[in-house]
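Q: Residue strings, one per chain:
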Amino acid sequence: MIDATLTAFLEQGLSLHIATRDRDMRPVGARALALRVHGDGVHLTAYVAQVAAERLLGPLDASRQAAVDVGRPEDDRACQVKGIVEAVRPARDDEQALVARQWEGLRDQLSGIGIARASTARWATWPAMAVEMRVTAVFEQTPGPLAGNPFP
Amino acid sequence: MTTPLASLASCFQGLLPAQLFTCSSDGVPNAAYLSHVEYVDAEHVALSFQFFNKSRRNIAENPHAVVMVIDPDTGQGWNLTLRYVRSETEGPLFERMALRIEAIASFTNLKGVFKLRAADVYRVDAIEPAPEELGAVAEPGRRPGECGDVRVVFSARAVRDVVERASRAESLDAFMDDVLAAIDASLGFRHALLLMPTEQDGVLVTVATRGYPQNGVGAEVRYGEGIGGFVAEARQPIRLSGLVRGMLYALAMHRRASEPELVRRTRQIPVPGLDNADSQLGVPLMVRDELVGVLCLDSERPYRFHEDDKALVQVLGVCLGLALQRLQWHERAADVPAESPSAAPEAPPHTERPAETASRRPALHLTYHVEDACVLVGSDYLIRGLPATILWRLLRAHEATGRTEFTNRELRLDKSLNLPAWKDNLESRLILLRRRLQQKCPDIALVPRGRGRFGLELACPVVLAERP
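Residue numbers (our numbering), protein chains in the order written: chain A, 1 to 152; chain B, 1001 to 1468.
Note that these hints are calculated values from the structure, not bench results. Each hint should be verified, as a subset may be incorrect.
Below are the DMTMM-like pairs computed for lysine to aspartate or glutamate, each with C-alpha atoms no more than 25 Å apart in a straight line [said to hold, decoys possible]:
id, chain 1, residue 1, chain 2, residue 2
1, B, LYS1115, B, GLU1088
2, B, LYS1415, B, GLU1371
3, B, LYS1440, B, GLU1371
4, B, LYS1440, B, ASP1173
5, B, LYS1415, B, GLU1405
6, A, LYS82, B, GLU1061
7, A, LYS82, A, GLU140
8, B, LYS1440, B, ASP1380
9, B, LYS1415, B, GLU1399
10, B, LYS1115, B, GLU1095
11, B, LYS1115, A, ASP75
12, B, LYS1115, A, GLU74
13, B, LYS1415, B, GLU1331
14, B, LYS1115, A, GLU140
15, A, LYS82, B, ASP1026
Label-pair ranges, simulated between beta-carbon atoms [what the hints assert, rightly or not]:
id, chain 1, residue 1, chain 2, residue 2, range
16, B, THR1089, A, ARG92, 49 to 59 Å
17, B, GLY1091, A, ARG92, 34 to 44 Å
18, B, GLU1128, A, PRO127, 38 to 48 Å
19, A, ARG92, B, SER1155, 46 to 56 Å
20, A, LEU57, B, GLU1061, 35 to 45 Å
21, A, ARG101, B, PRO1129, 19 to 29 Å
22, B, GLU1061, A, GLU86, 45 to 55 Å
23, B, ARG1123, A, THR5, 37 to 47 Å
24, B, GLY1091, A, ASP93, 47 to 57 Å
25, A, ARG122, B, ARG1057, 30 to 40 Å
26, B, GLY1378, A, THR5, 35 to 45 Å
Each residue gets a CB set at the ideal place from its N, CA and C atoms; glycine is no exception.
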């Protein structure tokens, strides 16, 4: 489902957002911090700051559905990963370095397009929650007429 | 809503793409980037609809959506809970959103490729700060994201300084350079250009530039082309704050589009610009409903023009427009009758080029292409339109009679030039011609002699030819 090339793209430290929906079919979303693709290429873990996860927990539990949008600010290259939520748990201490590395990668990208690092200094990163997903589909999300098509 | 929607205006500039969350009728969530969120009124926003994608299909099934936007000044993220209301395919809102998309597309030479299909209007049911995206706290005198030498640039004091300097200009010629110099000194914009309407409907011409590698005086811009052309068309200030963002977004779309590659339209004189401009501001210089000029500012910084600046920018445009028009009237009023005995030059700054020296130099071959009203020097383009016709008229008069002294008034009365009876902008055409000659053909000079008079000075013989 997710090959090595796509894994490298997803884990480089990009702009991430996670969406789910509540029982009333209302969408809910938040910024995510980092992604880790598992070795099987079918499972991944999305990390979300705990302060953001609080509004996602109920809807994630209700729907078991999630979509993660991954975008690279420097060129708007983007894709969307959809999947079934298998578990939501607190992120472990040994995962903090991965989150920090990807987060700094995003801040570097943002500063490159004019968002001063001072503007993102107070964005929450830790403690975090880990959303464990089984990937069901990957879609092209780079802006344009092909957005929404299955990822090549 | 405890947070007024209007207070989020900075979030809607598109420096960072917004994030749109939707859900299909069978409960599958979707997250997607969104290029453009537009403030409509205190309770509504509009989202750009350019492609029939999953988000759009979801909204057709389920009108609920959430959009996340970030304030580029503070870094604060906001969640807007939305409900779809309607789509607009015409009218002021649609035109405003389409204008921005077209302006960016024009800058990237992709004009016409990315069309706005509709402005989708949503009611905003709730506005909540995103707790994971807390904004920075501002230092005194600065916006939170600002650092280094980037400060609030459009202060009332700085605008006053520019206006004062513009109002002190003693001639139209001086005004053009003084305004750009004052904008550099007081507002810190090192790259700027001034456009004025030409005698041709829907066409502007570059009359002064500052800070660009290429001079570019004489470059023409059609209404709707680039930031200057869009400002002229819209007659309102246009900011492209996240220009690189918009360009990247447009280019990303272009790479994915199946449209045939566009052929870059060649111009005879390239419009000056920065290769790495990250933000642009275009200001219409208006006097009542008349467009008298357009001021364009470029910055390499991505976010240089803020929402708060808008009112002062408009004031600047009005003041500069009035000053420009006052000088145009003043110089027109300074016309002296051609046969007036008081027509003698007033202490002319005359540096007559010795005729003997000139005659020993190789001749300059100039060709006037009648159909295009265009003058070439050798095979190099010099100028077109009314300034070209004026130049040709002067050179022909010199060839026939040896005359070197002329008046604005005689040009104004010359029916062959087809000048409009009112608001002919002759003085600005002469300035443009003089500057273009200085730049591209310094052997021919138009030298001001005082009130409504000028001399034609030739540093070498000229050979004139006409082509149909």
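Q: For every hint, state whether the structure bears it out.
A: Cross-check of the supplied hints:
With a C-alpha separation of about 14 Å, the suggested pair B:LYS1115 and B:GLU1088 falls inside the 25 Å cut-off, and the hint holds. Restraint check for B:LYS1415 and B:GLU1371: the C-alpha separation of about 18 Å stays at or below 25 Å, so the hint holds. For the hint pairing B:LYS1440 with B:GLU1371, the CA-to-CA distance comes to about 22 Å; that is within 25 Å, so the pair holds. Under the criterion of a C-alpha separation no larger than 25 Å, the hint pairing B:LYS1440 with B:ASP1173 is consistent with the structure, at around 18 Å.
The straight-line distance between the Cα atoms of B:LYS1415 and B:GLU1405 is roughly 19 Å, inside the 25 Å bound, and the hint therefore holds. Taking the CA atoms of A:LYS82 and B:GLU1061, the gap is near 19 Å; set against the 25 Å cutoff, the hint holds. Simply put, A:LYS82 and A:GLU140 have alpha-carbon atoms about 11 Å apart, close enough for the 25 Å limit, and the pair holds. Simply put, B:LYS1440 and B:ASP1380 have alpha-carbon atoms about 9 Å apart, close enough for the 25 Å limit, and the pair holds.
As the CA atoms of B:LYS1415 and B:GLU1399 are separated by approximately 20 Å, the hinted pair is consistent with the 25 Å bound. Using a Cα cut-off of 25 Å, the hinted pair B:LYS1115 and B:GLU1095 holds, with the two alpha carbons roughly 11 Å apart. For the proposed pair B:LYS1115 and A:ASP75, the alpha carbon gap of about 20 Å is at most 25 Å, so the pair holds. Pair hint B:LYS1115 plus A:GLU74 holds up; C-alpha atoms about 23 Å apart against a cutoff of 25 Å.
Taking the CA atoms of B:LYS1415 and B:GLU1331, the gap is near 20 Å; set against the 25 Å cutoff, the hint holds. A C-alpha spacing of about 21 Å is found between B:LYS1115 and A:GLU140, which places the hinted pair at or below 25 Å, so the restraint holds. The straight-line distance between the Cα atoms of A:LYS82 and B:ASP1026 is roughly 14 Å, inside the 25 Å bound, and the hint therefore holds. Look at B:THR1089 against A:ARG92: about 52 Å separates their beta carbons, and that is inside 49 to 59 Å.
A hinted range of 34 to 44 Å for the beta carbons of B:GLY1091 and A:ARG92 is inconsistent with their spacing of about 54 Å. At about 21 Å, the CB distance of B:GLU1128 to A:PRO127 disagrees with the hint of 38 to 48 Å. Under the hint 46 to 56 Å, the C-beta atoms of A:ARG92 and B:SER1155, about 51 Å apart, fit the expected range. For the pair A:LEU57 and B:GLU1061, the beta carbons lie near 26 Å from each other, so the given range of 35 to 45 Å is not met.
Judged by the Cβ atoms, the range 19 to 29 Å given for A:ARG101 and B:PRO1129 holds: they are separated by roughly 27 Å. Restraint check, B:GLU1061 to A:GLU86: a C-beta distance of roughly 27 Å breaks the suggested window 45 to 55 Å. Restraint check, B:ARG1123 to A:THR5: a C-beta distance of roughly 42 Å satisfies the suggested window 37 to 47 Å. At about 56 Å, the CB distance of B:GLY1091 to A:ASP93 agrees with the hint of 47 to 57 Å.
Between A:ARG122 and B:ARG1057, the C-beta spacing of about 36 Å keeps the proposed range 30 to 40 Å intact. Taken as a hint, the range 35 to 45 Å is violated for the pair B:GLY1378 and A:THR5, whose Cβ atoms sit roughly 55 Å apart.
The structure fails hints 17, 18, 20, 22, 26 (numbered hints given earlier, in ascending order).
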